[in-house]
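Student: Here are the chains, one letter per residue:
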Amino acid sequence: MIRVGVLGLAHVHAAGYIDVLMALDDVEFVGASEPDGLLRSRWADESGLPAFEAHGSLISAGIDAAIICTATNEHRPVVEQLAAAGIPVLCEKPLATTLEDAHAIVRACEAADVLLMTAFPMRFSPPLIEGAAWVEEARIGSVLAFTGTNNGCIPTDHAAWFADPVAAGGGAVMDHTVHLVDIMRWWLRSEPTEIFAETNQVMHPDADVETGGILTVIFANGVIATVDCSWSRPKGYPTWGGLTIEAVGSEGVFAVDAFAERLEMWSRGTTSWVDWGSDPNLAMIEHFIGAVRGEYPLAVTGVDGLHATEAALAAYRSVETGQPVRFDSLVPGDPTR
Amino acid sequence: MIGAGNMASVHAEGWDAADDPIVAVLDPDLERAARFAADHATDVVDDFAQLAGSVDVVDICTPTHTHASYIAMAAEAGIDVVCEKPLARTGPDALEAIATCDRAGVQLLVGHVVRFFPEYATARELAVSGDVGTVGIVRLDRSTYLPAGASAWFSDHAKSGGVVHDLMIHDVDYARWVAGDVRRVFAKRISDSGRGDHVLATLRHEGGAISHVQGSWAYPVGSFRTALEIAGSDGLIVRHVATPFAGSVSTTEEAPDVPEPPASSAESPYVTEIRHFSDVLQGRAEPRVTALDGARAVAVCDAIALSIETNRAVEVAP
Chain V
471 MIRVGVLGLA
481 HVHAAGYIDV
491 LMALDDVEFV
501 GASEPDGLLR
511 SRWADESGLP
521 AFEAHGSLIS
531 AGIDAAIICT
541 ATNEHRPVVE
551 QLAAAGIPVL
561 CEKPLATTLE
571 DAHAIVRACE
581 AADVLLMTAF
591 PMRFSPPLIE
601 GAAWVEEARI
611 GSVLAFTGTN
621 NGCIPTDHAA
631 WFADPVAAGG
641 GAVMDHTVHL
651 VDIMRWWLRS
661 EPTEIFAETN
671 QVMHPDADVE
681 TGGILTVIFA
691 NGVIATVDCS
701 WSRPKGYPTW
711 GGLTIEAVGS
721 EGVFAVDAFA
731 ERLEMWSRGT
741 TSWVDWGSDP
751 NLAMIEHFIG
761 AVRGEYPLAV
771 TGVDGLHATE
781 AALAAYRSVE
791 TGQPVRFDSL
801 VPGDPTR
Chain U
555 MIGAGNMASV
565 HAEGWDAADD
575 PIVAVLDPDL
585 ERAARFAADH
595 ATDVVDDFAQ
605 LAGSVDVVDI
615 CTPTHTHASY
625 IAMAAEAGID
635 VVCEKPLART
645 GPDALEAIAT
655 CDRAGVQLLV
665 GHVVRFFPEY
675 ATARELAVSG
685 DVGTVGIVRL
695 DRSTYLPAGA
705 SAWFSDHAKS
715 GGVVHDLMIH
725 DVDYARWVAG
735 DVRRVFAKRI
745 SDSGRGDHVL
755 ATLRHEGGAI
765 SHVQGSWAYP
775 VGSFRTALEI
785 AGSDGLIVRH
795 VATPFAGSVS
805 TTEEAPDVPE
815 PPASSAESPY
825 VTEIRHFSDV
835 LQGRAEPRVT
845 ALDGARAVAV
855 CDAIALSIET
865 NRAVEVAP
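Read top to bottom, the protein sequences are chains V and U. In the numbering used here, each residue's number is its place in the first sequence (first place is 1) plus 470. In the numbering used here, each residue's number is its place in the second sequence (first place is 1) plus 554.
Think of the hints as simulated: they come from the structure by calculation, not from any bench. Among the clues, some could well be false.
[Said to hold, decoys possible] Residues on chain V that point at chain U, a partial pick, calculated with CB under 7 Å:
(1) 517
(2) 519
(3) 551
(4) 672
(5) 676
(6) 698
(7) 704
(8) 714
We put the CB at the ideal spot given by N, CA and C, even for glycine.
All chains, please: the whole structure from these sequences, using the hints.
Tutor: Rendered as structure tokens:
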């Protein structure tokens with residue numbers, strides 16, 4: 471039996487992860503820790519599950535593994551606390567809001583020799599796994615270009631901090647760039663070297679962060695890619711958003727819609743899209759638990775989270791300069807690259 | 555009709571529908587000219603000078619690099635001009651063509667046919683009427699294969715400008731129509747696909763909107779994919795791709811030399827376009843697309859090409 475705790479309830483995914491933990495055999499959900507009293511009591515009242523005020527109290531209650539669902543800028547101290555206690559970590563994405571914090575998170579876990587996984591559920595999405603295989607098998611020859619979209623509704627309906635420049639480290643760029651960059655790195659086994667970004671705030675002009683963004687990413691192997699990270703799905707859209715990748719190769723093209731496995735439903739005046747496919751969150755947490763048991767190495771690590779975070783931060787640098795930014799100018803001598 | 559190739563036949567259908575007779579056809583390839591003349595019951599001329607005094611308008615459907623000189627000849631002869639896009643090979647050439655026509659007092663119209671595709675026209679109408687609020691992000695895609703055979707000049711950058719000036723220009727013009735003039739561009743190109751070029755461009759518009767434009771000749775022979783999405787502060791317009799593909803698109807032997815975009819309406823958008831031009835030339839309508847629009851689209855394409863060449867974001871002169 472693996473005893474798992476969820477540290478932080480600020481992230482929209484916390485409730486879903488807890489559902490998964492409750493459902494898994496051989497996993498015991500110990501409880502959730504949340505310093506914010508309102509957030510904590512609301513969740514505790516609804517779920518009837520054990521709630522802790524301090525993260526330290528949950529750690530002391532005895533956990534074998536932890537999932538971090540705090541606001542992004544709070545990841546670092548929580549990871550450091552867990553690393554010091556020798557507890558394996560599954561951390562929400564993006565890993566951090568600054569490069570300094572992202573590196574510190576990776577270093578802390580390396581120094582303590584604890585597992586650090588970044589929560590990239592798309593690594594466990596069957597359509598994207600199929601896309602990875604198509605690339606691996608060179609079904610379209612060598613990949614030359616990707617066109618990626620990860621669009622969504624503004625996530626502030628779930629939690630205001632997603633559009634807080636300090637807590638989230640930015641807006642749509644920070645929220646959505648990391649998923650597509652991680653998928654492209656995974657498929658290509660190549661690192662981004664250069665990035666150009668245009669952002670705006672036409673959608674949701676009252677927010678404190680950018681809500682629209684188109685990024686161009688260049689990989690070390692010469693592949694060119696664009697990433698549309700915009701919060702461009704309006705209120706009333708049938709679902710939260712989506713993720714697509716189109717690939718052009720030397721022998722053909724393919725396209726993948728990670729959320730094509732859905733039904734369209736019209737019910738009581740609203741339209742909704744209901745997923746029927748396998749659940750990437752479930753597969754991701756199962757993978758984490760298996761790695762904690764020592765059954766296999768992690769398929770996606772903290773270093774993956776670090777590199778994806780670098781891309782988002784490079785995009786912001788490009789917005790400042792109005793020109794493409796080379797990654798080696800961002801982190802000279804980065805030992806993880 | 556100047557030029558007797560694929561596009562000339564497409565436009566001829568429009569002039570027929572407008573009841574405007576094609577008086578003559580001019581093409582250096584006399585065999586092709588004769589074929590066109592037979593198909594459209596018209597005469598072949600072998601010199602532009604023979605057209606003076608006998609036609610009200612010339613329709614230029616020649617390779618891109620020859621547009622400017624034919625426009626100049628028409629202006630000199632006092633003949634109105636309809637010119638297939640791009641208006642000219644470069645932005646400065648296009649502006650020069652406009653100035654020449656202005657001085658000569660002749661009309662100059664440019665065939666940006668996407669403005670006549672009903673789904674594009676309707677989406678633009680919805681967007682500018684404010685139905686989705688202020689336009690923020692525009693996504694446009696036009697992915698097909700390199701025109702083959704007789705149209706080999708397409709693949710000569712010096713003559714056609716490549717996929718940017720020949721294909722992507724449709725969506726560059728449309729992006730301007732929807733989101734206003736373009737201030738800055740950044741673009742990347744794949745040239746070694748073994749097929750045609752593939753270009754991804756980001757346009758920053760004056761008002762702050764951003765357009766993502768994909769133009770590709772690297773898609774399998776026989777395919778032609780177009781897509782349209784306009785996201786605004788209060789909503790979203792999407793033209794769904796009717797048959798999303800998965801896996802490799804299979805190639806077909808029966809593909810036409812020149813790719814034909816998917817068109818859904820009862821009337822060919824090219825016919826709608828030419829009928830509109832006929833109305834404009836006869837003072838019955840204001841042009842849906844001006845020669846200046848045509849020149850601006852070329853200038854933005856010039857900037858995209860420069861960005862590709864320099865790996866820099868390029869400002870577009872106002």
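Student: Could you run down the list of hints and mark each one as holding or not?
Tutor: How the hints compare with the structure:
1. The interface hint given for residue 517/V is broken, as the beta carbon of that residue sits about 35 Å from the closest beta carbon of chain U, more than 7 Å.
2. Given hint, residue 519/V at the interface with chain U, is violated; its Cβ is 38 Å from that chain's nearest Cβ, farther than 7 Å.
3. About 40 Å separates the beta-carbon of residue 551/V from the nearest beta-carbon of chain U, more than 7 Å, and the hint is not met.
4. Among the interface hints, the one on residue 672/V holds; its C-beta lies about 3 Å from the nearest C-beta in chain U, closer than the 7 Å criterion.
5. Checking residue 676/V against chain U by beta carbon gives a least distance of about 10 Å; that is not within 7 Å, so the hint is violated.
6. Nearest Cβ of chain U to the Cβ of residue 698/V: about 6 Å, under the 7 Å cut. The hint holds.
7. Annotation: interface hint on residue 704/V holds; nearest CB of chain U at approximately 5 Å, less than 7 Å.
8. The closest approach between the C-beta of residue 714/V and any C-beta of chain U is roughly 9 Å, which is over the 7 Å cut-off, so the hint fails.
In this structure, the earlier hints numbered 1, 2, 3, 5, 8 are contradicted, and the remaining ones agree with it.
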